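Engineer: Now for the letters of each chain:
Protein chains: 2
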Amino acid sequence: MRKLLTSILLVFMAVSLWAEGPEKMTYVEVSDLRIVGKVFPDTPNPYERMDFTKFDGWTAKDINLLEMSAGIIVSFKTNSPTIWVMPEFKEISQSMASGFSARGFDLYIKKNDMWLWAGSCSYRLDKEKENGRARLLVENMDNSMKECIMYLPLYSKMTSVKIGVSDGSTIETGDIPFRHRICLHGSSFMHGSSTGRAGQTVPGYLTRMTGMQFCSLGVSGDCRMQPQFANALKKADVDAFVFDAFSNGNAASVEKNLFNFIETIQSEKPGVPLIFMTTIWRERRNFNQKVDKAEREKIEMADKLMKQAVKKYKDVYYVTTSNATSELHDTTLDGTHPADWGYYLWAESVRKPITKILAKYGIK
Amino acid sequence: MRKLLTSILLVFMAVSLWAEGPEKMTYVEVSDLRIVGKVFPDTPNPYERMDFTKFDGWTAKDINLLEMSAGIIVSFKTNSPTIWVMPEFKEISQSMASGFSARGFDLYIKKNDMWLWAGSCSYRLDKEKENGRARLLVENMDNSMKECIMYLPLYSKMTSVKIGVSDGSTIETGDIPFRHRICLHGSSFMHGSSTGRAGQTVPGYLTRMTGMQFCSLGVSGDCRMQPQFANALKKADVDAFVFDAFSNGNAASVEKNLFNFIETIQSEKPGVPLIFMTTIWRERRNFNQKVDKAEREKIEMADKLMKQAVKKYKDVYYVTTSNATSELHDTTLDGTHPADWGYYLWAESVRKPITKILAKYGIK
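Chains as they are written, first to last, in my numbering: chain W, 2 to 365; chain H, 2 to 365.
Hint data in this document are derived by calculation from the structure and do not stem from the laboratory.
Only a predicted model underlies this, so the values are computations on that prediction, with no experimental measurement involved.
One or more hints might be untrue.
Heads up, the list lumps identical chains together, so a pair's fine if it works in one copy or across two of them.
[Unchecked claim] Within a straight-line C-alpha distance of at most 25 Å, the following computed DMTMM-like cross-link-like pairs (lysine to aspartate or glutamate) qualify:
(1) Lys312 to Asp57
(2) Lys158 to Asp127
(3) Lys291 to Asp114
(4) Lys112 to Glu328
(5) Lys357 to Asp43
(6) Lys158 to Asp114
(7) Lys235 to Asp114
(8) Lys25 to Glu298
(9) Lys128 to Glu173
(10) Lys313 to Asp127
(11) Lys353 to Glu328
(12) Lys111 to Glu264
(13) Lys111 to Glu296
(14) Lys147 to Asp114
(15) Lys25 to Glu131
(16) Lys294 to Glu24
(17) Lys235 to Asp52
(18) Lys291 to Asp63
(19) Lys291 to Glu301
(20) Lys91 to Asp127
(21) Lys235 to Glu173
(22) Lys111 to Asp293
(23) Lys111 to Glu328
Make the full structure from the sequences, and use the hints.
Structural biologist: As structure tokens, then:
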């Protein structure tokens, strides 16, 4: 009954517009549908990842990154043969990697119990021309009712996102498509730098693989276990934490922040598992001796302190990744960031160890 | 002795310039080193892939694509701790995929008999600002002599490309780093659309995997076995041909062109193997019924005619790919083109069947 009401409400709220496509479409604001994937669900701008009025201590860099819509997913159902998207950007990213992930949208549809890729699009850099421009995600589908999830851009900032469906078809709020709420806080690796599409992040893969909701709080270059993050995270309504905490910073910042970070979060989240992942092999180390040395020192420090931490603190774990690289060492884009293949390898390598730990806490 | 002379000549020709980096560098034009990877090695502009004065019948689309430096590799040796690149673009591509592949450079260095990735860079779209701008590929290396290969941009057009090494170090012409010459003619799939880096194409992977030189003649959207391509290819100085010939066009163009294409090439290349690959699963088919139908019809036509062709013609083969997709069907970027992971899966799936056929002809 609630669903029917929502559906009727949406039809009432929907705005009909002529898009660039050949047919008349009905557009619905994404925030009127179901949004998932956020560590902090209630934010003044629904397409940002932090309520800056609730938590403080943020630097300009933190704010810039947390305003980006990385990891935000809209869940909806439709029987429309055609699905479009129509955004308004506050900022469009100039990434050297893929436009599909930095400033694009990524659609999956459930088929035989699997989230099967259905469509993607990318926007150009010209905000004035691109704002309000509809782009096609998929067309020529059958008219069965489908469960859909769409990922928002990883490195752009949004003021509005609308989904367009063919006139006369139905669009309604989707269910929460994933069980539990697990915070995945990390560096550019979790943010999704060098991904091909917005859904191809480690949290994206883990979520679709396990059916559990890994909410992304990836902040490129900015995950050094700083106090402002610990202070916000201890208030997060989540069942578990997974951290990629040793990819940014250096040996000194790891040493300075790690134990404080754990203690601050545990002060308000006793009994909630904190799972730290090792960082990965950066292909820039292959020949660059200076990078190799700095990476080695940082990893040695993380390994040393985590060995102590898992003994010192209850509910703290250290999980080893596969290094997110292939046999050929050919999964990097820029020497630091893996591309999709590497991120998939990362997610697949931690999937079992993480789900095994979560299961001990009844999270399965 | 010849190598020593070349080396002395290069030092004489090298131009010393202040690059954007912290040190003084010596720059050498890439065409004065060893260029490989070209089906037609001698072209008026060394960074284009066709001699338009020798072969005719080209359309504006053909010319536009063949002027791009896709698949061109420079082979050199250096003991420099730092390697830079400094290009002059005739045209910089506006790809929505990765800048590292469309308008970037990609460096591998031999280590333990493997081509290990060493560095990459991407250029912005502003030709005036970017022309003559040096970008770093790798730094802080030891000073042993190294065998290097660098891939040129896949979708841009070059008038000049220079390699920069630290002043006082040596750079010299590399050997031909790969055995034999195999022409790999194909669509955007072989051109490398949606790759992350310029070395992550199917010909790139096959070459580094096998040690045999798969020269790329990928032409995005333009590989329909047209007569002008057959007329040029029959003159190519190569040991074998591999074709991705059923990815562009439709059932009608396959039917119209296939047998003519084979007969034209065989008229001047009797006894040279012609290996056709199946096209791959396009993820756009997952939900789009129209694309699904068109793809099915084209593939059925290719399968039917190739079944006849392998009986009708000597030295003609048909090889099945893995569809360039993962279990998750999540290796696409835009629904048509795989990204690196998919291209790797494609290359790996045809590696054994192709090398088995080539071995019958003494190509191993």
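Engineer: Does each hint fit the structure? Answer for all of them.
Structural biologist: Hints, verified against the model:
{"no.": "1", "hint": "Lys312 to Asp57", "result": "neither (31 Å within a copy, 74 Å between copies)"}
{"no.": "2", "hint": "Lys158 to Asp127", "result": "both (14 Å within a copy, 24 Å between copies)"}
{"no.": "3", "hint": "Lys291 to Asp114", "result": "between (47 Å within a copy, 24 Å between copies)"}
{"no.": "4", "hint": "Lys112 to Glu328", "result": "between (32 Å within a copy, 14 Å between copies)"}
{"no.": "5", "hint": "Lys357 to Asp43", "result": "neither (30 Å within a copy, 60 Å between copies)"}
{"no.": "6", "hint": "Lys158 to Asp114", "result": "neither (32 Å within a copy, 46 Å between copies)"}
{"no.": "7", "hint": "Lys235 to Asp114", "result": "neither (34 Å within a copy, 50 Å between copies)"}
{"no.": "8", "hint": "Lys25 to Glu298", "result": "neither (59 Å within a copy, 30 Å between copies)"}
{"no.": "9", "hint": "Lys128 to Glu173", "result": "neither (29 Å within a copy, 47 Å between copies)"}
{"no.": "10", "hint": "Lys313 to Asp127", "result": "neither (52 Å within a copy, 54 Å between copies)"}
{"no.": "11", "hint": "Lys353 to Glu328", "result": "both (21 Å within a copy, 18 Å between copies)"}
{"no.": "12", "hint": "Lys111 to Glu264", "result": "neither (40 Å within a copy, 47 Å between copies)"}
{"no.": "13", "hint": "Lys111 to Glu296", "result": "between (40 Å within a copy, 22 Å between copies)"}
{"no.": "14", "hint": "Lys147 to Asp114", "result": "within (12 Å within a copy, 51 Å between copies)"}
{"no.": "15", "hint": "Lys25 to Glu131", "result": "within (20 Å within a copy, 43 Å between copies)"}
{"no.": "16", "hint": "Lys294 to Glu24", "result": "between (58 Å within a copy, 22 Å between copies)"}
{"no.": "17", "hint": "Lys235 to Asp52", "result": "within (14 Å within a copy, 66 Å between copies)"}
{"no.": "18", "hint": "Lys291 to Asp63", "result": "neither (28 Å within a copy, 45 Å between copies)"}
{"no.": "19", "hint": "Lys291 to Glu301", "result": "within (15 Å within a copy, 55 Å between copies)"}
{"no.": "20", "hint": "Lys91 to Asp127", "result": "both (11 Å within a copy, 23 Å between copies)"}
{"no.": "21", "hint": "Lys235 to Glu173", "result": "neither (34 Å within a copy, 58 Å between copies)"}
{"no.": "22", "hint": "Lys111 to Asp293", "result": "between (43 Å within a copy, 18 Å between copies)"}
{"no.": "23", "hint": "Lys111 to Glu328", "result": "between (32 Å within a copy, 15 Å between copies)"}
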